[in-house]
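Just need the whole structure built from these sequences, with the hints factored in.
Protein chains in written order, with the working numbering: chain E, 1 to 582; chain L, 583 to 756.
Calculated directly from the structure, the hints in this document are not laboratory data.
Within a straight-line C-alpha distance of at most 25 Å, the following computed DSS-like cross-link-like pairs (lysine-lysine) qualify:
#1 Lys315/E x Lys648/L
#2 Lys652/L x Lys315/E
#3 Lys312/E x Lys652/L
#4 Lys648/L x Lys312/E
Stretches of chain E that chain L covers, calculated by requiring three or more beta carbons in the stretch to come under 8 Å of a beta carbon on chain L:
#5 118-132
#6 179-187
#7 304-318
Computed list of chain E residues with no C-beta within reach of chain L, every gap over 12 Å:
#8 His43
#9 Ala105
#10 Pro173
#11 Lys333
#12 Gly342
#13 Asp347
#14 Tyr366
#15 Gln488
All C-beta atoms, glycine included, are put in the ideal place defined by N, C-alpha and C.
Okay, here's what each chain looks like letter by letter:
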Amino acid sequence: MKITGAQALIRALEMERVETIFGLPGGCILPAYDPLLDSPIRHILVRHEQGAGHMAEGYAHVTGRPGVCLVTSGPAATNMVTPLMDAYMDSIPMVCITGQVPTTAIGTDAFQECDTVGITRSTTKHNELVMTAQDLPMAVRQAFHIATTGRPGPTLIDVPKDVLTNSMDWYWPSDEEVIDSLPGYRPTTKGDPALIKEAAKLILASERPVLYAGGGILKARAAEALRELAELTGIHVVTTLMARGAFPDDHPLCLGMPGMHGNATAVTAMQRSDLLVALGARFDDRITGKIPAFAPEAKVIHVDIDPAEQGKVRKPDVPIVGDCKLVIEELIKAIKDLLQGGSTQADIGAWKSRISGWQEQFPLHYEPSEPGEALKPQFCLEQLRDNAPEGTILVSGVGQHQMWSSQYWKFNEPYTWVNSGGLGTMGFSVPAAIGAKVGQPDRTVWAVDGDGCFQMTAQELVTASVERIPIKVAILNNSYLGMVRQWQEMFYEERYSEVYLSPEVPDFVKWAEAMGCVGIRVDSPEEVQPAIDKANSVDDRPVVVDFRVDAREKVFPMVPAGFSNDDLLLPGTQQANRGALK
Amino acid sequence: MSDINHHILSVLVQNRPGVLARVSGLFARRGYNIFSLAVAPAEQEGFSRITIVVDLESASLEQIVKQLFKLIEVVKISELDPRSSVERELLLATISATGDERGQVVELVNIFEGKILAVGVDAITVSLDGFPDKLDDFVELLTEYGIVEMQRTGRVALPKLQRHLERQIERKAT
Ligand SMILES: Cc1ncc(C[n+]2csc(CCOP(=O)(O)OP(=O)(O)O)c2C)c(N)n1
Ligand SMILES: [Mg+2]
Chain E
1 MKITGAQALI RALEMERVET IFGLPGGCIL PAYDPLLDSP IRHILVRHEQ
51 GAGHMAEGYA HVTGRPGVCL VTSGPAATNM VTPLMDAYMD SIPMVCITGQ
101 VPTTAIGTDA FQECDTVGIT RSTTKHNELV MTAQDLPMAV RQAFHIATTG
151 RPGPTLIDVP KDVLTNSMDW YWPSDEEVID SLPGYRPTTK GDPALIKEAA
201 KLILASERPV LYAGGGILKA RAAEALRELA ELTGIHVVTT LMARGAFPDD
251 HPLCLGMPGM HGNATAVTAM QRSDLLVALG ARFDDRITGK IPAFAPEAKV
301 IHVDIDPAEQ GKVRKPDVPI VGDCKLVIEE LIKAIKDLLQ GGSTQADIGA
351 WKSRISGWQE QFPLHYEPSE PGEALKPQFC LEQLRDNAPE GTILVSGVGQ
401 HQMWSSQYWK FNEPYTWVNS GGLGTMGFSV PAAIGAKVGQ PDRTVWAVDG
451 DGCFQMTAQE LVTASVERIP IKVAILNNSY LGMVRQWQEM FYEERYSEVY
501 LSPEVPDFVK WAEAMGCVGI RVDSPEEVQP AIDKANSVDD RPVVVDFRVD
551 AREKVFPMVP AGFSNDDLLL PGTQQANRGA LK
Chain L
583 MSDINHHILS VLVQNRPGVL ARVSGLFARR GYNIFSLAVA PAEQEGFSRI
633 TIVVDLESAS LEQIVKQLFK LIEVVKISEL DPRSSVEREL LLATISATGD
683 ERGQVVELVN IFEGKILAVG VDAITVSLDG FPDKLDDFVE LLTEYGIVEM
733 QRTGRVALPK LQRHLERQIE RKAT
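As structure tokens, this is what we get:
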């Protein structure tokens with residue numbers, strides 16, 4: 001049957017069971033928007049293409065399904081570069097379709113032409129310029145296959161306008177044809193049994209083990225398996241910024257977040273450990289601190305689906321390439337086999353009491369404000385957390401508020417935390433929260449944003465209002481690019497250079513109202529609870545709460561960039577006792 | 583640690599637009615200079631073989647090989663050990679040579695078993711193929727006469743027969 005390329009594209013997306021597209025039309029992609037009118041796919045019209053990209057990411061984060069964007073050529077394609085890179089860094093499955101000038105005009109500097117595949121070559125897992133309508137179904141299938149298998153990531157299909165208008169004979173490639181068409185793409189999912197056995201032995205022999213859980217646990221949907229492994233062995237778990245929620249914070253074996261702003265116990269447990277079991281984690285510099293000084297006595301078991309992560313930063317003693325869920329399940333079997341065969345686990349009792357000693361002495365800490373003093377951001381987060389309905393999803397921006405969110409929230413369920421970890425993209429939270437809410441409409445979605453971040457993508461609240469996507473946004477407004485201010489205070493002798501925003505402009509309440517949202521301003525601790533109650537009660541439109549918080553507050557603990565994790569700076573009086581972190 | 587060396591990578595790729603840009607991009611973004619690069623269709627239809635010579639530490643090489651594997655179109659990569667592979671390169675050069683010099687250049691070409699491709703009034707164009715070191719020697723001797731223009735292809739290489747000593751870094755199913 002003859003149909004147009006545009007019809008084939010939309011039909012292919014339907015075949016891939018796409019329910020929602022985030023996008024914005026324009027000249028070159030126009031033909032694709034026409035058959036969209038007759039499709040059951042929901043299209044969410046964004047106000048800026050970057051927003052579409054982050055929405056797709058938020059959607060993918062909470063559903064595990066690829067987020068899909070549809071945008072035009074040239075400026076729209078370049079607007080997508082940041083979210084594509086963001087998704088690439090955080091291994092988010094996403095498919096982006098860009099319009100392109102007609103094949104006959106490519107290379108002529110035509111209106112709104114840009115070298116999209118060239119520009120996005122290093123910000124995607126794979127991209128493809130489709131030159132004939134007949135190739136479209138295969139290109140779509142490949143894009144979804146590549147985005148969602150192996151280490152997930154963003155893919156892009158660049159479609160010239162005439163490819164959309166030309167006709168083609170509809171066909172739908174089989175799984176086999178797709179796989180045959182990609183002879184160089186064969187992700188390894190099953191771990192090597194011999195190495196898994198070796199890992200099991202190391203785990204049983206270790207006296208100071210730590211399970212180092214990264215975002216790969218969530219990508220592999222391995223949270224249950226991780227929990228079983230932890231409970232079987234009694235080994236503590238740290239959850240990286242990308243893995244918050246992969247292991248419940250209220251579990252007695254949970255140590256929370258390690259790294260630059262991790263809690264003292266999580267950081268120190270890794271430092272002193274004799275065995276790190278890295279599960280879908282990549283030894284990011286924000287985790288390791290100064291690499292040669294990182295966990296100097298630890299052997300390393302590294303489970304990762306991406307062979308390039310093995311040995312990239314830290315040479316593993318046991319490298320296991322495979323899907324985290326499959327490998328952990330096999331690891332559990334191997335450990336059980338060893339135990340049944342008469343092996344015993346080394347005594348980790350002394351280690352556990354060291355850990356609980358650290359936990360007691362070095363909890364997260366901030367100085368609550370005295371009556372009449374400025375509001376503390378951490379206090380706002382505690383109140384938001386304690387009043388959040390069951391199953392609430394938290395989405396953050398990038399900066400101090402992000403670190404406090406990760407530190408002070410209690411993530412007891414996977415897929416309830418969405419943030420921009422690898423790229424650290426300011427402006428992520430509002431659109432990502434919208435995408436998350438579209439993916440999980442029955443859950444409350446709170447975005448915690450900075451006043452700086454909010455001003456980068458706030459316009460997407462117009463999208464949220466018009467499309468009736470009732471997210472809630474808490475701005476921890478310190479009138480500063482707070483994280484940068486913190487570095488200038490600590491490392492540049494309080495010489496504040498270009499970090500002061502403005503306490504008066506914009507008026508966030510009026511801005512929120514202008515975008516069709518409810519706007520609430522909070523200046524004092526007493527106003528916090530009523531404001532949160534009100535925000536939680538609104539469910540027909542987005543809400544923005546402008547929390548005016550203390551600008552002097554800093555994020556602690558902190559490992560200054562380039563320093564060893566042993567040089568962790570602790571809050572207030574804890575610093576004096578740091579000798580106990582041995 | 584620093585054992586910077588010539589490494590020869592033989593990379594089998596799907597022959598598709600952009601694949602060379604992807605491969606070279608991986609080296610470029612890390613600031614590694616490709617010493618030579620040769621690409622042409624391989625024995626199997628739809629595939630090309632890229633021979634890359636690059637100067638790197640072994641540790642960096644391992645990482646870049648893994649990154650190359652992540653490219654969807656890369657099907658197979660072998661690092662070829664110079665001791666157990668055959669290497670060839672082709673050179674074309676135009677040498678200024680008049681009078682007596684012309685005879686000397688012709689003699690050099692004969693000694694090296696090269697070929698004379700064209701003869702002009704004051705220059706001749708020659709070709710030579712062989713092991714890259716041999717080409718280097720040839721070039722050095724020709725320099726005395728004045729090289730007007732020169733083009734080398736960059737090396738191509740294959741593992742030696744019988745002795746499977748080349749280090750197969752990894753193999754993906756084709
Ligand atoms: C797009 C982008 N530009 C710059 C930065 C560098 N940066 C990191 S955090 C930060 C400050 C963020 O300010 P705000 O949103 O107010 O959050 P706060 O730190 O005050 O909580 C900046 C500028 C970034 N991460 N992303
Ligand atoms: Mg701020």
